[in-house]
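Top to bottom, those sequences are chains A and B. In terms of our numbering, the first sequence is residues 1 to 364. In terms of our numbering, the second sequence is residues 365 to 728.
Hints should not be assumed to be uniformly reliable.
Unchecked claim - Pulled a few chain B residues facing chain A out of the computed Cβ check, cut under 7 Å:
1. S519
2. A539
3. Q540
4. I543
5. F579
6. P618
7. Y628
8. S635
9. D682
10. H690
Worth flagging that the hints you see were computed from the coordinates, not collected in a lab. A quick note: this is a predicted structure, and the numbers were derived from the prediction, not measured. For each residue, glycine too, the CB sits at the ideal point set by N, CA and C.
There are 2 protein chains.
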Amino acid sequence: MSEAGYHIAILGATGAVGNRILEQLEQSTIPVKSVKLLASERSVGKQLNFKGEPISVELAEPDAFEGIDIVLASAGGSVSAELAPEAVKRGAVVVDNSSYWRMDERVPLVVPEVNPEALRQHQGIIANPNCSTIQMVVALKPIQDQFGLNQVIVSTYQAASGAGQSAIDEVIAEAQAYIDGDRAIMNDDAHILPVKGDVKHYPLAFNLLAQIDVFEDEGYTHEEYKMIEETKKIMLGDPKATAIKVTATTVRVPVIIGHGESVYFEVADKSATRESVQAAFAGADGVVLQDDPDHQIYPQPLLAEGSRDTFVGRVRRDLENEGAFHAWIVSDNLLKGAAWNTVEIAEQLVKDDLVHVPEQASWK
Amino acid sequence: MSEAGYHIAILGATGAVGNRILEQLEQSTIPVKSVKLLASERSVGKQLNFKGEPISVELAEPDAFEGIDIVLASAGGSVSAELAPEAVKRGAVVVDNSSYWRMDERVPLVVPEVNPEALRQHQGIIANPNCSTIQMVVALKPIQDQFGLNQVIVSTYQAASGAGQSAIDEVIAEAQAYIDGDRAIMNDDAHILPVKGDVKHYPLAFNLLAQIDVFEDEGYTHEEYKMIEETKKIMLGDPKATAIKVTATTVRVPVIIGHGESVYFEVADKSATRESVQAAFAGADGVVLQDDPDHQIYPQPLLAEGSRDTFVGRVRRDLENEGAFHAWIVSDNLLKGAAWNTVEIAEQLVKDDLVHVPEQASWK
Numbered sequence: 001m002s003e004a005g006y007h008i009a010i011l012g013a014t015g016a017v018g019n020r021i022l023e024q025l026e027q028s029t030i031p032v033k034s035v036k037l038l039a040s041e042r043s044v045g046k047q048l049n050f051k052g053e054p055i056s057v058e059l060a061e062p063d064a065f066e067g068i069d070i071v072l073a074s075a076g077g078s079v080s081a082e083l084a085p086e087a088v089k090r091g092a093v094v095v096d097n098s099s100y101w102r103m104d105e106r107v108p109l110v111v112p113e114v115n116p117e118a119l120r121q122h123q124g125i126i127a128n129p130n131c132s133t134i135q136m137v138v139a140l141k142p143i144q145d146q147f148g149l150n151q152v153i154v155s156t157y158q159a160a161s162g163a164g165q166s167a168i169d170e171v172i173a174e175a176q177a178y179i180d181g182d183r184a185i186m187n188d189d190a191h192i193l194p195v196k197g198d199v200k201h202y203p204l205a206f207n208l209l210a211q212i213d214v215f216e217d218e219g220y221t222h223e224e225y226k227m228i229e230e231t232k233k234i235m236l237g238d239p240k241a242t243a244i245k246v247t248a249t250t251v252r253v254p255v256i257i258g259h260g261e262s263v264y265f266e267v268a269d270k271s272a273t274r275e276s277v278q279a280a281f282a283g284a285d286g287v288v289l290q291d292d293p294d295h296q297i298y299p300q301p302l303l304a305e306g307s308r309d310t311f312v313g314r315v316r317r318d319l320e321n322e323g324a325f326h327a328w329i330v331s332d333n334l335l336k337g338a339a340w341n342t343v344e345i346a347e348q349l350v351k352d353d354l355v356h357v358p359e360q361a362s363w364k
Numbered sequence: 365m366s367e368a369g370y371h372i373a374i375l376g377a378t379g380a381v382g383n384r385i386l387e388q389l390e391q392s393t394i395p396v397k398s399v400k401l402l403a404s405e406r407s408v409g410k411q412l413n414f415k416g417e418p419i420s421v422e423l424a425e426p427d428a429f430e431g432i433d434i435v436l437a438s439a440g441g442s443v444s445a446e447l448a449p450e451a452v453k454r455g456a457v458v459v460d461n462s463s464y465w466r467m468d469e470r471v472p473l474v475v476p477e478v479n480p481e482a483l484r485q486h487q488g489i490i491a492n493p494n495c496s497t498i499q500m501v502v503a504l505k506p507i508q509d510q511f512g513l514n515q516v517i518v519s520t521y522q523a524a525s526g527a528g529q530s531a532i533d534e535v536i537a538e539a540q541a542y543i544d545g546d547r548a549i550m551n552d553d554a555h556i557l558p559v560k561g562d563v564k565h566y567p568l569a570f571n572l573l574a575q576i577d578v579f580e581d582e583g584y585t586h587e588e589y590k591m592i593e594e595t596k597k598i599m600l601g602d603p604k605a606t607a608i609k610v611t612a613t614t615v616r617v618p619v620i621i622g623h624g625e626s627v628y629f630e631v632a633d634k635s636a637t638r639e640s641v642q643a644a645f646a647g648a649d650g651v652v653l654q655d656d657p658d659h660q661i662y663p664q665p666l667l668a669e670g671s672r673d674t675f676v677g678r679v680r681r682d683l684e685n686e687g688a689f690h691a692w693i694v695s696d697n698l699l700k701g702a703a704w705n706t707v708e709i710a711e712q713l714v715k716d717d718l719v720h721v722p723e724q725a726s727w728k
């Protein structure tokens, strides 16, 4: 630690998540000595405020990391692949929001409420999990701890903002075209979703797209494999572990901010009841139980927007499978699903005195 | 059968479903001798066209059913409770779209592709199932037949039109307010959803409402019990049967027409493969397999709108549970989910020569 705090760089500072990382850093407990904003050439010179002071965006290049203690990165996989090791070489610890490093055995994949101890093994790069994974494991952690977790089957309802600002703009334009009765314009507006780099694009407004990320083996999407493997790496320490069965169907819905998840889960302790499961959720870090059917209280994306918490409701025991339950989980995918979890990892690193690159680090 | 065809009455003719029943009847194989349109007082005198001829709406009252052979009803539970027996007393067979009669032991609950034989037991009233149930059982019928079905876990993504025209209008108004940046107006616009008769109302535009119909025991909604009990009554003949475990989480999404369903199912025949399951779907009546990940082909509400078919895609074997699979099922909730299934039941009654009320009918 530098004398009065940490020198922090935000890589990809101008994106929807980068912006929110800056906001979350302002509100965090991390003692900040300086903030450097890094992005690609076309954003250089733009200004963003940190605690009332304007900061100019600088070019993201290897030497920009000289003197930096912590890098908070949200610049996409290819940029992180190239620049994260460069930052580590220069002594910085990188918390990376892209999917590039998540399955690397040298890289802890961390949700501070779930597996903070994994940070102790870091070699300079720490990965922030996928948005839909984070909110699910935060909610399921108290269940795993108190009742043992055998199986998880999740169907997601994911917001457009998970695909970036351009996807948000596209859905809003499509929705206006739909309201105006112009389906042709609506179809013309689809350039990004379901997946920016894929061949075909479809409107999401007033529609459902059962494809998030590209298709891979067995008809599963990359997003579905992320949810399966990341959940296992975070909860069990190994993406191929079999102690908990995990499966996912991921669907993009016409919501701007806030992912919903319908989760079926089976616990080992068959004495678990609806009430004891609700109590476990209510007592967990980062979780807010919103579950009062008599008063129509249940999690909603519009209500979760802007909050760091993960909201859990509609808790029910399965009526035919002993030890099985259902829950409805909602969180702001840009905050707990991205910016806040990234900053929270950095807070945890500071708290545990882990803001240093070990001698034997692979990338040093 | 009357000499040149059947005298048909549409009860609730002016609603979103009633309108579509008239359209579907125009296109059906039923020999129609006359069509009578019935509705409540405020719609009397309105005109609708049938095969180019204008027909005036008349008052729905008991004597309006004199001389009618078939009643296609979509007027809500309380109206059906009162008027369906009156129609039967006057010799008409009633196909009812409300939920009122569905669990009555004297009333067959029918999806013609799944349990047409149940019609043979009718006593004058036949119930049309819930929209979200119909598309699921149509898709799962070939699976039950070919592989045996042990378990179904469904999460729904249900369109606003399931709650009627006023819900559609509300979501469109809310979406415009959201686009215009006025969240206060958006909240003010919520008067119907999630449930017309319930205490609180929330915006659905760019949001998710994990409540369809009112809450009942154990934290389940009435819609969830409908899906569980109707599926069992249709597929097993008894709403409390245990040969197939069925559970549901039902969620309203900001789509206007077309319900989506993420369905996990376990079969008895463990030799079932992804390919044999896909082939079963492809060969089933009323089902269209839309499942080509390599070309980004999967069911979408905007593509299903206006079709009588149920679309199935994203078929995958579960990677950790033997004999378990996933599918994504989409159908036009106003057609196969309501108007078309109602008319299709009437077609089946005509085909099987069942358009008569038996002597021993309860309501005669």
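(request) Determine which of the earlier numbered hints do not hold for this structure and return their numbers in increasing order. (result) 8
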